[in-house]
Every structure is written in C-alpha cells, then in structure tokens.
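J.: Here is how the chains run, residue by residue.
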Amino acid sequence: MDDHLRDELLEAVWACREAGRRELSCVLEIAHAEAYRKDVEEMSQMGLLKLDRNEVSFTGQGEEAARRIIRRHRLAERLFADILGMNMEQIEKAACHFEHAIVPEVTEGICTLLGHPHECPHGKPIPPGECCRERRQEVKRAVMPLAEVHCGRQGRVAYVRPQNHDRLHLLLSMGIAPGARLSVHQRTPVMVVTVEQSEFAMDREVAEDVYVWVDPEA
Amino acid sequence: MGQTRQRVPVPGSGVELEAGRLYTGPFRQILDAPGFYSLHDRSEDAQVVQKLLTGGQVGAVLLVLDAKNLTRGLTLFLELSEFDVPLTLALNMCDEARQRGVEVNVPGLSKILGVDVVPTVATEGRGLGQLKRVLAGARRPQVRLEPGEAQDDIQKLEAARGQAEQLTTRVIRSRPADRATWRERLAELSRKPASGIPIAVFVLFVTYLFVGWFGAGILVDLLEGKLFGQVLIPWLQDVIGQIPWQWVRELLIGPFGLLTVGLVLSLAIVLPVLATFFFAFALMEDSGYLPRLSLLTDRVLRKLGLNGKGLLPLVMGFSCVTMAVLSTRVLDSRKQRIIATLLLILTVPCAPLLSVMMVLLARLSVWATIIFFGLLLVQLFVVGALANLLIPGKRPDFVLELPPMRVPRLKATLTKTGHQIVWFLKEAIPYFLIGTFALFLLDQLGALDALRSALQPVSVNLWGLPEESADVFFMTVVRREAGAALLVQQFSTGMYDGVQVVVTLMVMTLMIPCINSVLVMYKERGFVVSTALLLIVIAYSLLVGGLLHFVFRWLGVGF
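Protein sequence lines correspond, in order, to chains A and B.
Per our numbering, the first sequence starts with residue 28, numbered consecutively.
Per our numbering, the second sequence starts with residue 723, numbered consecutively.
Simulated from the structure, these hints should not be mistaken for laboratory data.
Some clues are possibly wrong.
[Stated by the list, open to error] Result set (SDA-like, lysine to any residue): computed pairs, CA atoms no more than 20 Å apart in a straight line: (1) A:65 x A:32; (2) B:878 x A:194; (3) B:878 x B:888; (4) B:914 x A:177; (5) B:1148 x B:1137; (6) B:878 x A:188; (7) B:854 x B:749; (8) B:773 x B:808; (9) B:1116 x A:194; (10) A:151 x A:137; (11) B:1116 x A:190; (12) B:1116 x A:232.
Work the whole structure out from these sequences, hints included.
T.: Okay, here's the thing in structure tokens:
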C-alpha cells in the first residue's frame, strides 16, 4: 500500500466520522482514491484502523495520523482561500497535493501566519496543533543554514541549495537529503553532524548550502 | 572472502582492483570494487564501477550496505537495479545498527526486493559463511528504480531516494538507542580540538615508538645484525665461496653483491620498518581514528590547498611514497592531487629512508635532528602554500563520513598488514636487486669514477660534499634508503662532517624520489605534470642544498 492511498483512507474515515457515519461503504465512497475492502483490512493489520464487520473506526495511532493530515489539508485550504484568493474548485485540488508535501514545521508556520484559524473554508473544524495551544504570535525563523545551527541542536534537512551540482549530488547520495533528521555536535575546526545514523564532518562552506528546520528548544 | 589475492585491471579505466579467487556456483573471482555513495556521481570510483557493470564480465554483484543507514543503501540498490545484474545484499554493521536502535526486518526486506539479504558484521566475520552459501543464488531484483519523469542525475537520485524511503519504512523498526558507549565517548574526545590534539600527539608518539624504536631499532638489529649478519651471510659466503668463477662470487656476495647488499637491504632493513608501520597504520584505519585526525587537520591543510582528506596520502608518504602517490586518488580534484604529489615527492621521507636517516642523525648532535626536520616541515608549508597560490583550481568540498570507532580485531589487522607487505616486497625486491646489479656493473666497468667526476661541480662545489657522495646519490636513485645506507657506511670512514651529512640527507629527501614512485607518478599524473614536477623538484633541491651549505658555513655551525 502506498502512502497516498493510506492518507486518503485516513481522511475518508475522519470525514465519515464527522458526518456521524462509520460504515465501510461510506469510507470507500468518500475516499479520493480507488479503494477496496482489502485496503482497509491491510490498514487494520498496520494498526491504523479497526474493521468490525462493516464498521470502520480509528485506533489511537490511526486517529493521530488522520488528525495531522486533516489539519494540513484544511490549513492549506485556508491559505489558498484567504491569502491567494483561489476559487473553491482550485483550492480542493491544490490542497490534496499540498497535504502530502509539507513537513510539520511548515504546518505550524502556516497556522501561525493565518492566526490559528478554527475552521476551513467549508466550515469544518481544523484540529488544533502545538502552535495553537501555545498561542504563538509570530513565525520563528525555523529554516536556517546548517552552518548557523548551534551545537547540540537538532532538526531536519529542509533542502540543499542546488547551485553547486556536484555538492548537491554528493550530499544527496550521502543521505543528507530533505527530511533527514540531523543533530549538530561540533562546529570547529569543521562541522560535525549526525544525519540519520551516520556521522559526518564537513567544512563551513558545504554546511552553508544545507538548510535545516531547527526543532524548538526542548 | 576470496583466498588468494591478486590485482586485476578494469578494462578501459586504467585502474586495478584487488581480486580473490572464489569457488561459489558459477563464480571464479571476486573483485573488491571501491566504495562509493552513488553510481552517478563524478568520482573516479563510481565510474570504475559503471565500467565494470557495463563491461559484461560481471556475473553478480554483492552489495555491502551500512545497516544503520538503510535508506541510503537502498537508494544505491535501486541505482544498481537499472544495470540488470543479479544481486545479493549484505547488511553490514548490524551490531552498530542494533546499538542505535535500528531493527531491520531481514526476511521482509529480502521478500520485497526479491534478492537474498544477509546480515553481517564483517569485522568479526559474522554472516560471511551464509553470504558465501547464498552468493551463487544471486537474483535480479524484483524492485526496480522508477525514475518517473526524472531528467537529470539529481532528479533520478531524488526519485531513487524517495522510493528507498518508502521501502525503508516497511522493513525498519526503531527503538531508543542504547546509551552512549565508551567508544562513542572516545570518538567524541578524539574529534574535539581541546582533547583531540593531545590525543593526536600521543598517538603519533606511540606510533613513533613502535615504528622508530621497536621496528627500526630492535627488529632491524635482530634481523640485520643477528640473523643476516651472524648466521645467513656467513653461511652464504661459505656456500658461494665454493663457486669457481670470481665474477659470480662478486655478483652475489661482493661489495655490491645481490645477496649481501640487495637482499639484506630489502629484507633486513626495510621489511621490519615497513611491517611495523603498516601494522600501526592499519590499526589507525581499522579503529576509525584516521577520519577524526583528518577533520582536526583540515584547517591547516587548507593553507596548502588540500583539505582534511589530504592527510591520508601525506601520512601514508611516511610509510611509502609510491603507495601514497597511488592513494592521492582519494582526493577530489586535480589541483589537490598535483599538490599532494608534489609534497610527497619533494618533502616526505618514506619509512625506509627515515629509518636509515635516524641511524645517521643519532650520531650527530640532537640539533641536527631538530634543524633537519624543522627545515623539512617549513619547506612542506612554504611549498604547499606557494603551490596553492600558483596552481589554478578550486578547493573541493570537505565532506567525510566518520565511521564508528571500534576495537580493531588483531587477526584482521594482521592479515591486512600481511597483504600490504607481500604486495610491497613483490614490487620492491626487484628494484633492490636491479640497483645493486647496476652498481656492480658500474663498479666492474670502472664507470663509478666517471660518475663521480661528472657530478663534481654540483656535489663538491655547490653542496660542499666529498666526491664519493656521487655513489650515494646514484644508489638513492635506485632506492632512497639504499643510498642512505651507503651514506652510513661512508660516514663511518670519516669522510663527512655533520653539516655535510645534513646537507646530503636534505638533498636526498628533496631531490631524488625512488624510481618506483616516479613511475607511479607518471602513470597517475601524466607526462606533462610529472615532468614539470620533477624539474621543479630538481631545481628546488639544487638550490636548497647549496643554500644550506653556504648558510651553515657562513654561520659557522657544526653538528
């Protein structure tokens, strides 16, 4: 099962639940992808859904995953409607793509930018996130070059600047790629960074090209 | 895994790889391809592997992956899947992965990919037996790279990585990592400047004790003085003394005898020093210490136009300049390779030369040693910095993966040392014999005198050396340490004073690389660059030799 189908099914179960329905047929009908009973069964094996005869419900893990997807989707809708002024049809299409593409840090940033909205343009509730509970007022500069990240901080690779082709290729193939978790251990005489499970030394110039979502301080 | 080792060329690449015999299924030979991160990067290593894969000679590929970084490994797997060769996967460093909380579902992975997957810990030999058994059944993977609309190599790599990430999530389970072990703490200490620099000094000092004092002192004494000097040579002289033809006796056991000089020099003086050096070096490599040393020296080496990676060839040069010139391949740019080659050929004395040198310097005042090595170090920096200014080209990126530190396994380290020694002796012994033979011929033909007078304007007038130093330089051309050994002999007869010894050693170190390293340089750097480097080296050392002579005499220094 691919990630896309999984996300679509989670969304469908959430939407059915909002409508007060739990039947499998409702879920399969609402889903934005071609889905069958066996897919739901597979997801119950993965521990995301519970399938009881023809009734579908979430496990704790599944509900949490669905919440995040719905939040991303509806925040994206708000963004497209309020800031970009797109029409409803365009919004739906764009949001479907967008929800799969953004990392948690961006979600928080968008939510804060929009002033922690409660409903999507269709009037459905947007599940609150960390930033809403903290009532954050401004978007912190979450992305910065690795060369500026302090010792002991952790984060995730946002992107690698593509100007230098060989450098980009080398970094990507070493696993220093968007999404990879990293932590900074040392800054002199060169940077020492753990990316996923591997430790790397690199000079400042290289680290200037790696942009990182820095986790908030614990 | 293969038994006998040999080196075989990769067609069309000018590169030789290590090969071992293998009797598994249809396979006869296993080649040790260089390590690389992506098949499509521009490194020479990746290109060699591409040549191999497209050459039609490869029956199967054994892909050895780092188990703790599965996404990266599977990205490479997907790149390989495009070449349509049968594959087997070894998931190496499984112990490290487990420590870091990474559990791989091995049967699951094997089922998804459609090839055999064997967890291994290569340093401990774990999983190798199973690997040998399943290698014959290598299959074409059922998962292939889906490049989608990828156009260039970067997009393709991104596609492969995306696909690999999805595969990884299906077979990996993470739990919290074990607490940091003492090895991780040691790794941290050895890469932080405050603790790392003292550690580096300590490691270098212990290495010096092991190689310089134990290898060059005690072992050489045992082998040369006791075994050869008191047992083998007298016995050979007895046996060969029976041969009726005088020229044969001269050839084998005369003053330039193949056995008494050629073989003794190579086996009794050079071998023990090299063996200890190779062992110490292998220990540093196998423990994962060298990369930490590299990063500490990055900043200094930048001044010379190199970066941290340049440390490896330079350190190796103190073992064998020839091998070091070969190892400049690990450097990323032409500029770096040229600078490293120049520094190696010009300023780095190899272990054999160093050991004979120490014997000589020990007979002079301690200031001779300090001034000699001080001057050498100053020149290394000056020449490097100048070369950095003059040779065009950018300094390439320094990105180096730091492998986990581990306790080296003695058996593996010894085996490695053994292979290096065998390889070196195969290459070196012929040169020792040829050099000795050439001296023998020159001596017999009376050409040595002619050579001495020909060199007189330089040796006597410019450098202020005795006429007989020509013999030393000639022998040095054949092999550096053989020249130095001859110098020891000449010094004992009272021909030289301290200043002359220092000048001779400096000129020997600077000017004359051994034939082997020159050959390798021509092969690696090409005709134009190598000739230019040689001319620079010769002109430079003529000058420095003369300068040293006049400055020492003017100051009235004596050692």
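J.: Now tell me, hint by hint, if it's right for this structure.
T.: Now for the hints, and whether the structure bears them out:
no.: 1; hint: A:65 x A:32; in the structure: 12 Å, holds
no.: 2; hint: B:878 x A:194; in the structure: 16 Å, holds
no.: 3; hint: B:878 x B:888; in the structure: 16 Å, holds
no.: 4; hint: B:914 x A:177; in the structure: 15 Å, holds
no.: 5; hint: B:1148 x B:1137; in the structure: 17 Å, holds
no.: 6; hint: B:878 x A:188; in the structure: 17 Å, holds
no.: 7; hint: B:854 x B:749; in the structure: 11 Å, holds
no.: 8; hint: B:773 x B:808; in the structure: 16 Å, holds
no.: 9; hint: B:1116 x A:194; in the structure: 13 Å, holds
no.: 10; hint: A:151 x A:137; in the structure: 18 Å, holds
no.: 11; hint: B:1116 x A:190; in the structure: 15 Å, holds
no.: 12; hint: B:1116 x A:232; in the structure: 13 Å, holds
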